[in-house]
Amino acid sequence: MKKKIVSIMLTAAMTATLLAGCGGAAAPAATDSAAPAAEEAAPADDAAAADTAAADTAADAAAPADDAAAADTAAAAGDEGSVLNVQCWNEEFKSRVTDHYPGYEKVDDTTGKIGDVTVKWIITPTDDNAYQNHLDEILPTNESAAADDKVDIFLVEADYALKYVNADPAVAMSMDDLGIAAGDIADQYKYTQDIVTDSNGAIRGLSWQACSAGLIYNRDIAKEVLGTEEPDEVQEKVKDWAAFTATAEELKKAGYFVESTVNDSYRVYSNNVSAPWVDGTTVKVDPNIEKWVEDSKALVDAKETNTYELWSDDWNKGFYPEGKVFAYFGPAWLINFCMAADTEGSVANAGRWGLCVGPQSFYWGGTWICGAVGTDNPTLVKDIMLTMTTDKAVLKEIVEKDSDCVNSPSLLAELAADTSFGSKILGGQNPYKQLADGAEKVDMSKVSDYDQGCNESFQAAMKDYFEGKVDYDKAIANFQTSVKEKYPELSF
Amino acid sequence: MDGGKKKGNSNVVKYNKWGYIFLAPFIIVYSVFQLIPFISTIYYSFFENYRSGLKQIGPNFIALENYKALLANADIWKYTENTFVMWIIGFVPQIVVSLLLASWFSDPSLRIKGQRFFKTVIYLPNLIMAAAFAMLFFTLFADSGPINSMLVQAGILAEPYKFMSNTGSARILVGFMNFLMWFGNTTILLLAGMMGIDTSLYEAAEVDGATSTQIFWRITMPMLRPIFVFVLITSLIGGLQMFDVPQILTNGEGAPDRTTMTLIMYLNKHLFNKNYGMSGALSVILLIVTGILSFAVYRFTTKQESY
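Same order as they appear, the protein sequences are chains V and L. With my numbering, the residue at position 237 of the first sequence is 237, and numbering never jumps. Just remember that my numbering sits 1000 ahead of the position in the second sequence, which is counted from 1.
Next up, chain V with everything else stripped away, as it sits in the complex:
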């Protein structure tokens, strides 16, 4: 009898774990089942097109419907889809919308409501290219997807924005398609629009952030080693790479690392290149990137910095005083979103970071909102894009609550002039003057479709060189192998 009970319990435990596994898998399974549904819908469309004698007739028939929709937006909005699907890779945009979009109600961690429309947040991490692979899978067939599964908004980063902006056929709606006039988005930094402008000059995305960045330094260390914690005076110590290297030596003598890892400064060099990574189909290593290798190798050899991966636990250590890291390179979102400001004992929590321009101006990341071609909620998409990126009241709120550097030159100018404003994390410093100046200087003309893959492969390959495992030529060969795997069409 006892054995029986035990065996029943064991079976129950096993079944329970099996079912628990199913629970976790249920969500992806649901999305999978949507795919065949979309495929089923497609032939139906084809059939409809075939029925009409000429393609022109079909277009004509569709046009009046469009006009009607445009004529009465309010009514059209009522007719639009009941589910707004947002594709993103982290919680950032979700929390911005939750906090600042008027009328957004949170239902649970991945769903919300705007009026009658359910907002679904579909988060796919960027690791191993998973986010882009996911988009590549669903965007081209978005128009024929079932109404509730259609992607309405997707987010992109600067590194790969061009891939979606220049896609043929288009996957991101242009401002014309959305009905956004040039005047609506005049008060934005030009670079934020350049990055999402396709080869024909149409803008296909908007950002609420201006991600100009600077050197974020630890005030306590600056005071101890450099004798000052004032941004302007610290800037003198890091005003170019020669000064930066000299300061690194001073810091090393006092037992501090100038930066957490060589990868921190990578973007500063890579943003100031003279040509994009890829010219036609040929990959070229820019002289400024070679300079990064040279400078970084010297820093690592002198034990003035390390070779950690960005975002690793080792890299994070400098967010706390025990980490002994003098500076990070980063934009406003790094300061408020990533530097453990909520954790007791962190440097950010004590408000002991400072911000100065650093050796060269650069930007880091930024998130662009794109309306997906095929959306069944164009009115709502347009409203979200405009509200989140141009509504000054909302942008002001974002500044106050999240300390983001927002995409509005006029608002940043106001903030920079506001002497009463100070960031708590930055010890009361008003960072907007530095950030606004930087945003004007940011130049997005040197980006290519392949930047993300090339940047990642290059940093990974150089790590071995910095650690003395391989020589420079071998590291370059490894970089080339890795790029070839990612993009077989490229050559060197």
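Don't read these hints as lab results, they were simulated from the structure. Here a beta-carbon is modelled for each residue, glycine too, at the ideal position from N, C-alpha and C. Hints are supplied without guarantee of correctness; some may be wrong.
[To be verified] Listed next, the stretches of chain L that the computed footprint assigns to chain V, with coverage defined by at least 3 CB atoms under 8 Å from CB atoms of chain V: (1) 1050-1063; (2) 1136-1149; (3) 1269-1276.
Guided by the hints, dock chain L onto chain V, whose structure is given.
Just chain L now, kept in the frame of chain V:
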């Protein structure tokens, strides 16, 4: 009796139908999830077929170009070597420890107490997801992780040792993790084999004055051979397909200098741009290598039985 036999024969035919019906679910599931993907993998390995951004390149038939490209590149041999080295680092201690534990557990004269407890405990690491296990080791052995801080604080090391940046230590870590995860499983398999050996053989050997070493090599090992060969071949196939542990431990880079890049990690690299042609070709090569090696191991280890 004869009449009954006849009737039985016609019944066999009737019952056969049920055999097929009961087999059908397996055959269907196998075809859909194994056989068809298997055939299409081979089929697509002859095509140029990948994505560039949102553009699909191909499929264009290019015959054996993918195979040529793969085999002409020295990298694949390097990754094969990496895979074998890491497999051996993990497998040698695994088989030694497993044999030792299995023979202790199965030895009635030792009367080990709490056998069930130990059998469960040694099997436990296998229940943890390999990815989680690798993540755990990644954190433990990070440059400023707990292992390094302990070693530095104890004065054993002057400064943190970069486990993941040195070929030797990174490979040993991978091998060690595979050893930890699989020695329990191997022990249970070998134990099952040892329990199946007739105890009268042991008793006879003892009566004849054989030492325990002699008993192990002259009785246990020869009788254990079928199970041993099974363990060896399954472990070899598992080793060739080694992926999750080094992938997570090295962030998919096979660092340092691609010396911990296994064949399947290399295959995974081709999936970045959905290069089905190239990865298909690599899978087929892997299939052939696995087949040849398994056959060789089988022939080699069972040869003596036919003297």
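Structure versus earlier hints - violations, ascending order
Violated: none.
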